[in-house]
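Asker: Spelled out, the chains give:
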Amino acid sequence: MKSSSAATVPRAAAEDAADDRGPRRRIRRQLASSPWLFAAPGLLVVGIFILYPFVSTLINSFTDKRTLIPGEYVGLDNFRELLHDDMFWIGLRNSTLYVVGVVPALVLLPLLLAMLVQKHIPGITFFRPAFYTPVVASIVVVGLIWVWMLDERGLVNAVLEAVGVGSVGFLSDQWLLLLSAMAVTVWKGLGYYMIIYLAALANVPRELHEAASVDGAGAVRRFFTVTVPAVRSTMVLVAALSSVAAFKVFSEVYLMAGPNGGPAGEDTTLVMLVQRVGTGLTGRVGYASAISVVVFVVTVALMLLVLRADRKEDA
Amino acid sequence: MTDENGRRMPVWEIVLRYALLLGVLALMIGPFLWQLSTSLKGPHENIFSSPPKFLPGSPTLHNYERVADTIPVWDYALNSLKVAAANVVTNCVGATLAGYALARLRYRGRRAATVVFVLAMLVPVEGIIIAQFTTMRELGLNNTLIGVLLPGCVSALNVLLMRNAFLNLPYEIEEAAFVDGANVWQRFLRIALPAVKGTLAVVAIFAFMGAWDDFLWPLIVLSDPDRFTLTIGLNYLHGTFANDERLVAAGTVIAVLPLIVLFACLQRYFFRGVGEGAVKG
Chain A
1 MKSSSAATVP
11 RAAAEDAADD
21 RGPRRRIRRQ
31 LASSPWLFAA
41 PGLLVVGIFI
51 LYPFVSTLIN
61 SFTDKRTLIP
71 GEYVGLDNFR
81 ELLHDDMFWI
91 GLRNSTLYVV
101 GVVPALVLLP
111 LLLAMLVQKH
121 IPGITFFRPA
131 FYTPVVASIV
141 VVGLIWVWML
151 DERGLVNAVL
161 EAVGVGSVGF
171 LSDQWLLLLS
181 AMAVTVWKGL
191 GYYMIIYLAA
201 LANVPRELHE
211 AASVDGAGAV
221 RRFFTVTVPA
231 VRSTMVLVAA
241 LSSVAAFKVF
251 SEVYLMAGPN
261 GGPAGEDTTL
271 VMLVQRVGTG
281 LTGRVGYASA
291 ISVVVFVVTV
301 ALMLLVLRAD
311 RKEDA
Chain B
1 MTDENGRRMP
11 VWEIVLRYAL
21 LLGVLALMIG
31 PFLWQLSTSL
41 KGPHENIFSS
51 PPKFLPGSPT
61 LHNYERVADT
71 IPVWDYALNS
81 LKVAAANVVT
91 NCVGATLAGY
101 ALARLRYRGR
111 RAATVVFVLA
121 MLVPVEGIII
131 AQFTTMRELG
141 LNNTLIGVLL
151 PGCVSALNVL
161 LMRNAFLNLP
171 YEIEEAAFVD
181 GANVWQRFLR
191 IALPAVKGTL
201 AVVAIFAFMG
211 AWDDFLWPLI
221 VLSDPDRFTL
231 TIGLNYLHGT
241 FANDERLVAA
251 GTVIAVLPLI
261 VLFACLQRYF
271 FRGVGEGAVK
281 G
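Protein chains in written order, with full-length UniProt numbering: chain A, 1 to 315; chain B, 1 to 281.
Some clues are possibly wrong.
As the list claims (entries may be wrong) - Capping the alpha-carbon separation at 20 Å, the derived lysine to aspartate or glutamate pairs in EDC-like fashion look like this: (1) K119(A) with E210(A); (2) K119(A) with E13(B); (3) K197(B) with E13(B); (4) K53(B) with E210(A); (5) K82(B) with D244(B); (6) K82(B) with D151(A); (7) K53(B) with D244(B); (8) K53(B) with E161(A).
Bear in mind the hints are in silico, worked out from the structure with no lab data behind them.
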């Protein structure tokens with residue numbers, strides 16, 4: 001309001017200067033008595049239940065702590081054991097495959113979906129929230145729905161048989177199971193990333209599309225020369241978010257493959273392993289913490305990798 | 001039909017768009033409807049028929065009664081509701097207070113406090129669950145609903161969301177109230193808070209959904225079937241009665257329906273911002 005016209009600007013600037021000695025300064029000073037009161041609940045919760053467990057995970061990873069036993073410092077023993085633990089390598093492999101399988105789909109498909117729902121055509125206010133439904137639903141509900149859909153006698157196989165493909169063991173084959181879980185993750189995530197892309201698309205200047213149109217670029221050309229460059233930073237964000245989430249996958253695989261990770265545990269992911277090893281009365285807290293540390297390190301590395309790839313393309 | 005520039009859309013484009021929209025709709029909503037249909041099929045109806053029957057022959061609520069006989073599904077729903085409602089209250093109050101302190105107040109340690117919340121947001125929860133579990137045991141809160149609630153009851157992300165919302169408010173309105181003699185609580189409650197209602201609504205919705213949908217943490221912290229939340233109860237139902245899809249289907253419908261209704265009522269908060277942006281762009 002103070003810069004509503006050019007004539008008032010000098011006066012506003014003078015007021016700003018006065019503010020530094022005036023009410024604004026006093027507001028800050030008066031509040032100085034209570035800021036910690038305001039911040040205390042949040043700081044306490046985050047400190048006790050996020051940061052403290054984070055630090056104790058790091059410390060525990062160097063101990064042989066168990067559920068009811070404090071444990072002692074064992075140096076790098078847990079990490080050395082990891083190297084010879086087949087289950088750990090299976091978990092690492094599956095979590096990595098999950099990133100490779102899920103991330104490209106979650107970077108591209110929600111963008112196409114956002115472009116589809118971007119135009120204000122009649123009924124679009126129905127389609128947008130409807131596409132968001134899988135995001136709202138609990139992962140347990142989603143997992144159980146797809147277990148039923150992909151069952152040997154479920155809907156998908158009924159359709160496949162009707163068209164002559166025959167029954168497919170989506171939930172009994174080790175690799176098909178992992179692939180099905182990835183498909184479910186993508187299905188559930190589409191709407192979430194669609195919203196992020198919608199916000200980004202809203203900021204693409206329409207003139208760019210028009211100029212490209214005039215120059216004779218078709219829809220596909222325009223997608224690659226106008227849309228993709230304009231939403232590139234959003235694509236990087238989606239890649240970073242989805243790769244970190246994919247590496248930490250737990251629920252989808254747990255629900256579809258069962259607590260033991262499918263046939264011979266071959267579909268176990270790292271977080272499933274953490275849960276399995278670290279809980280229960282015989283839970284090996286120290287060893288599970290060591291696996292958690294690997295999860296931290298890889299997720300941080302993934303973030304840096306994605307962000308670095310972004311910077312390289314800029315140069 | 002015209003687009004937002006007043007240009008006519010060619011008929012083929014309109015047809016193609018709606019065909020794609022309907023196709024995606026079937027893919028996103030279809031599985032939920034199939035689940036609903038399964039849950040309404042009676043015990044004598046073949047749920048494995050080929051070709052599949054999309055509508056139940058004689059719809060019945062029998063399976064819902066059976067779920068309640070098999071597991072205390074309404075108690076589980078009540079447990080979920082308690083945790084979700086408490087999560088909304090604690091997140092709205094805690095995140096608003098902390099967000100206000102981070103955005104509006106100057107004091108020693110403010111920057112450090114902000115860093116604490118940023119760091120907390122970056123910690124992957126999946127990696128610290130075992131230590132959270134141990135912490136909870138030290139506090140004697142394992143296997144309680146309080147234990148389910150506590151770790152997420154003020155999320156760092158929500159604190160930072162509220163901080164950004166308060167940062168966007170002009171100082172002038174608070175100054176006017178200050179000159180009129182309003183103290184910090186009055187200014188916070190009467191001036192600042194009403195101005196960030198939109199962000200607060202988003203925090204509330206996400207807090208409810210997050211608690212209602214959460215799986216991994218309650219799975220770890222709850223061991224006594226009497227205290228299960230709905231998601232854990234469903235997993236239990238699935239494990240125990242995997243053979244009767246009708247039952248599991250009824251259970252999932254109970255779990256998802258309140259949320260879909262809630263979201264349908266509040267979804268404009270999610271999409272309004274996006275829509276406004278699109279019109280401006």
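Asker: Hint by hint, note whether the structure agrees.
Answerer: Hints, one by one, checked against the model:
Taking the CA atoms of K119(A) and E210(A), the gap is near 15 Å; set against the 20 Å cutoff, the hint holds. Straight-line distance between C-alpha atoms of K119(A) and E13(B) comes to about 11 Å, which keeps the hinted pair within the 20 Å bound. This hinted pair does not check out: K197(B) and E13(B) have alpha carbons roughly 39 Å apart, beyond 20 Å. With a C-alpha separation of about 48 Å, the suggested pairing of K53(B) with E210(A) is violated against the 20 Å cut-off.
Restraint check for K82(B) and D244(B): the C-alpha separation of about 29 Å exceeds 20 Å, so the hint is violated. Of the supplied pair hints, the one linking K82(B) and D151(A) is violated, its CA atoms being roughly 34 Å apart against a limit of 20 Å. About 17 Å separates the Cα atoms of K53(B) and D244(B), which keeps this hinted pair within 20 Å; it holds. Between K53(B) and E161(A), the direct Cα distance comes to roughly 15 Å. Compliance with the 20 Å bound is thereby established for this hinted pair.
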